[in-house]
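Enquirer: Taking the hints into account, I'd like the entire structure generated from these sequences.
Protein chains in written order, with the working numbering: chain V, 1 to 118; chain A, 1 to 118; chain F, 1 to 133; chain D, 1 to 133; chain L, 1 to 97; chain U, 1 to 97.
Source of the hints: derived by calculation from the structure; they are not laboratory data.
Note that the structure is predicted; figures quoted are calculated from it, not measured.
Do not take every clue at face value.
Unchecked claim - Distance condition first, Cα-Cα at most 25 Å in a straight line; then the derived BS3-like pairs of lysine-lysine:
1) L:Lys65 / F:Lys63
2) D:Lys113 / D:Lys102
3) F:Lys58 / A:Lys62
4) V:Lys30 / A:Lys49
5) A:Lys30 / V:Lys49
To be verified - Covered stretches of chain D (in silico footprint by chain A; criterion: 3 or more residues with CB under 8 Å from a CB of chain A, positions within the stretch not fixed):
6) 6-20
7) 31-38
8) 63-74
Where a beta carbon is used, it is the ideal one built from N, C-alpha and C, also for glycine.
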Amino acid sequence: MIISILVLEGPYNHEASDSAYNFIQAALAKGHTIRGIFFYDDGVYNATKLMDPPQDDRHISKRWSELGATGIDMVVCIAAAKRRGITNEVLAPNIRISGLGQLASMIHESDRIVTFGD
Amino acid sequence: MIISILVLEGPYNHEASDSAYNFIQAALAKGHTIRGIFFYDDGVYNATKLMDPPQDDRHISKRWSELGATGIDMVVCIAAAKRRGITNEVLAPNIRISGLGQLASMIHESDRIVTFGD
Amino acid sequence: MAEKGKKVMVTVRKPPHGSIYVQESIEVMFIFATYEMDLSVVFLDDGVLALHAGQDTKGLGIKGFMASLGALVDWEVTNVYVDRQSLKDRGIAEDAIIAIGKDDDSGAPIRPKVLDTAQIAAMMTGQHSIVSF
Amino acid sequence: MAEKGKKVMVTVRKPPHGSIYVQESIEVMFIFATYEMDLSVVFLDDGVLALHAGQDTKGLGIKGFMASLGALVDWEVTNVYVDRQSLKDRGIAEDAIIAIGKDDDSGAPIRPKVLDTAQIAAMMTGQHSIVSF
Amino acid sequence: MLHTVNKSPFQNGALENCLRLARDGDAILLLEDGVYAAAAGTVKSSLIEQAVKRHAVYAIEADLKARGLGNLIKDVRVASYGDFVDLVEKHTVHAWL
Amino acid sequence: MLHTVNKSPFQNGALENCLRLARDGDAILLLEDGVYAAAAGTVKSSLIEQAVKRHAVYAIEADLKARGLGNLIKDVRVASYGDFVDLVEKHTVHAWL
Chain V
1 MIISILVLEG
11 PYNHEASDSA
21 YNFIQAALAK
31 GHTIRGIFFY
41 DDGVYNATKL
51 MDPPQDDRHI
61 SKRWSELGAT
71 GIDMVVCIAA
81 AKRRGITNEV
91 LAPNIRISGL
101 GQLASMIHES
111 DRIVTFGD
Chain A
1 MIISILVLEG
11 PYNHEASDSA
21 YNFIQAALAK
31 GHTIRGIFFY
41 DDGVYNATKL
51 MDPPQDDRHI
61 SKRWSELGAT
71 GIDMVVCIAA
81 AKRRGITNEV
91 LAPNIRISGL
101 GQLASMIHES
111 DRIVTFGD
Chain F
1 MAEKGKKVMV
11 TVRKPPHGSI
21 YVQESIEVMF
31 IFATYEMDLS
41 VVFLDDGVLA
51 LHAGQDTKGL
61 GIKGFMASLG
71 ALVDWEVTNV
81 YVDRQSLKDR
91 GIAEDAIIAI
101 GKDDDSGAPI
111 RPKVLDTAQI
121 AAMMTGQHSI
131 VSF
Chain D
1 MAEKGKKVMV
11 TVRKPPHGSI
21 YVQESIEVMF
31 IFATYEMDLS
41 VVFLDDGVLA
51 LHAGQDTKGL
61 GIKGFMASLG
71 ALVDWEVTNV
81 YVDRQSLKDR
91 GIAEDAIIAI
101 GKDDDSGAPI
111 RPKVLDTAQI
121 AAMMTGQHSI
131 VSF
Chain L
1 MLHTVNKSPF
11 QNGALENCLR
21 LARDGDAILL
31 LEDGVYAAAA
41 GTVKSSLIEQ
51 AVKRHAVYAI
61 EADLKARGLG
71 NLIKDVRVAS
81 YGDFVDLVEK
91 HTVHAWL
Chain U
1 MLHTVNKSPF
11 QNGALENCLR
21 LARDGDAILL
31 LEDGVYAAAA
41 GTVKSSLIEQ
51 AVKRHAVYAI
61 EADLKARGLG
71 NLIKDVRVAS
81 YGDFVDLVEK
91 HTVHAWL
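Expert: This is the structure in C-alpha cells:
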C-alpha cells in the first residue's frame, strides 16, 4: 500500500507528530511505501532545524530529516510556513518547502492519506 | 492598574495572540501599565521575525516588537523556545529570551495577570 | 503526473475565527479544485458556523476569509454540502447560510446544499481520500 | 526585587500526553515554588487525569513528566489539590491517585488533597493571580 | 472573580466546567469561540440563560461581529475590549482554556 | 470507513460527533487523548459501550499505557500501531480532529 501523511500540528505541543511518526514506522516495518509527508497549519513547525529539546527527549525535526534521507518526500506548505516564519534559513535537512499542490499530488499517487492533528 | 499578560498559543493559528493584543491596546488607552508580556508553550512562536504573512493581513511579531519598543518587557520562555526552535537568531526586535522566573516577577510586580491561550 | 478524477473530500468541523483551520481548509479546497479531482466539501459540526450570515472580522483586526468562502464556486469548488443537524443545533436557518457564489445565468446566489447526516455518511464512504480540519 | 507571599494559583485542566500543557504547567510550578509565593496548585476537569496511577509513556517514545509530578513535594510544591467531582466523573478512585512525594519522617506517600468543587471555588476567590493550563 | 471562556459550547465543555465552579456574583466573559454560547436559539442556549440569573455575563463585541451573532440571549452584555479591561480591574481572572 | 478520534470524551464532542455519523460496520480507532473513552466506569463509558454493538472499536496500546488505562470497556480491542496500519489498509480514513 502507498500511504501519504498529513500533519497539522506543531512538535511537542501536540501528540500529532509523535502519532504520525509511530504510525509511519509501523507502516514501513510492514513493507508499505510512504509516498510523502505533508506539513500544514501549525504542522510546519515540525521542520525547523533550530529546535533543541532536552537531551533525554526525542528530537522531532531530526527524526523527520532521517525519514527524508531514506527518500520519503517531506514537504512543508509554503503559505502556512510563511505566516509562521518557517523559511529555508531554518529548514531541517531533507525537507522542502512547496505548495499545496504537492498535497494533491500525494493524494493522487497514494492509496490512502492519514491525517494527524488536533 | 499594572497588568501582565501570558500568551500560550502561536500566532495566526489561534486567536489568543489577537485577543491579547486587542486587550493590551484597550488597557493602554485607559492609562493602565503593562508590566510585561510572557510567551509560553506555543506562545513562543509569536517571537519569530521570520514570519511573513500576506501583505493585507496583520504582522503579529512586528506588532509585538512595536509594543516592546515602547518599553513593555516582552519575554519568551527559554525552555519552551528551545524545544520549538525559537532562538536569538530568529528573535524579533525588542523581545528577549529568559526563564520562567520572569513570569514570577511579572506576577509579583503586577496587580493582575491575564492568560490568553487555547 | 497527477491522475484525474479521484474522489476526494474535505471536511470542515472547526468553528471559524478562534483558529485558522477553516481558513487554511479553504486554501486546500482552492488548490484541490485546480487538480480536477472529484472534490466534495462538507461543513459539519462547528464547521457549519463558518456559513453563518453577516460575519465581519474587522473589529478583531483579522483579515478573515469570508471573501474566499463567498467565491468557492468561482474557484470551481461546487460540490459543497452542509449537515442539517449541525445547523439546527446551532440555531442557523437553512435559508440563512451564506452564498458561495452566483449562478452565471440568473445571478441567483448558490448556497451549500443541506444534507441529512445519513446522506453525508454515505457520501463519505465512497471517497478515495478524506482530509479533515 | 520580587515581593514574597502573594497568593498565586496554577490550575491544570488539560489531559496529559495528548498535549504538552500539563508538562509545561509543572515547569511553572517548580519555578514559582522557588519564588516563595504562597502557591497552590489545583487539578481540575481533565487535569485530574494527570494523577492517574500507572502511566508509562515509553511506548510513545515520549519522555513524559511522571517523575516530575512525583517530585512536586521535593520541589516545595506542597499545596496541591484535586477536584473530587472530576475524579469521580473519570472513574478514578480517590485513594488511587499518584503520590507527589513522601513524608520525610514516615516515608508515607503524600497525595494531592481531594476537595469539593465549592472548596476549590472559595480558594480561587482569594487569589492574587491565577495561571491556567 | 472573572471567568473567561473562549471555547465553542457545542464542542467543548469549558463553559460547563466554568459554570459548575463559578460562585454567585462572579462575572463571566465570553470571548473568541466562546461567544457562540451567547447566541439565542441553539441547543446550548440554556447554559447562559441559566447563568445570567447568577452572574453578570459579557460577550466581546468584536468576536460576536466576527461570527455574525446578533440575536443574543437576553441579559448578555455586549462588551468592548475596554470593558474587558474594566472587568479585569475589578476581579482576579481565571481563564478556562 | 475507519474513523479516528483523538480527543478526550470528557471535554470534547468529537467522539459523539463521530458516532452520530458512523455507519454500522465502520471501524473506530481511539488514539491520543481519545483513548480515555475506552476506560470502564466513567461518565462517558456508555458511548463506547453502545458503540461496540455497531462497530469494531480499537484503542492504541501505547496511548492506553501512557495514560495508565487498564480497566477497559468489554470488546474494545487493544491495537498496536501496526494494527492501525492494517486498518488503514482496509479502510478510507476520516480523522475527527
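Enquirer: Give a verdict on every hint.
Expert: Cross-check of the supplied hints:
no., hint, in the structure
1, L:Lys65 / F:Lys63, "13 Å, holds"
2, D:Lys113 / D:Lys102, "14 Å, holds"
3, F:Lys58 / A:Lys62, "19 Å, holds"
4, V:Lys30 / A:Lys49, "42 Å, violated"
5, A:Lys30 / V:Lys49, "42 Å, violated"
6, 6-20, "holds (count 3)"
7, 31-38, "holds (count 5)"
8, 63-74, "violated (count 0)"
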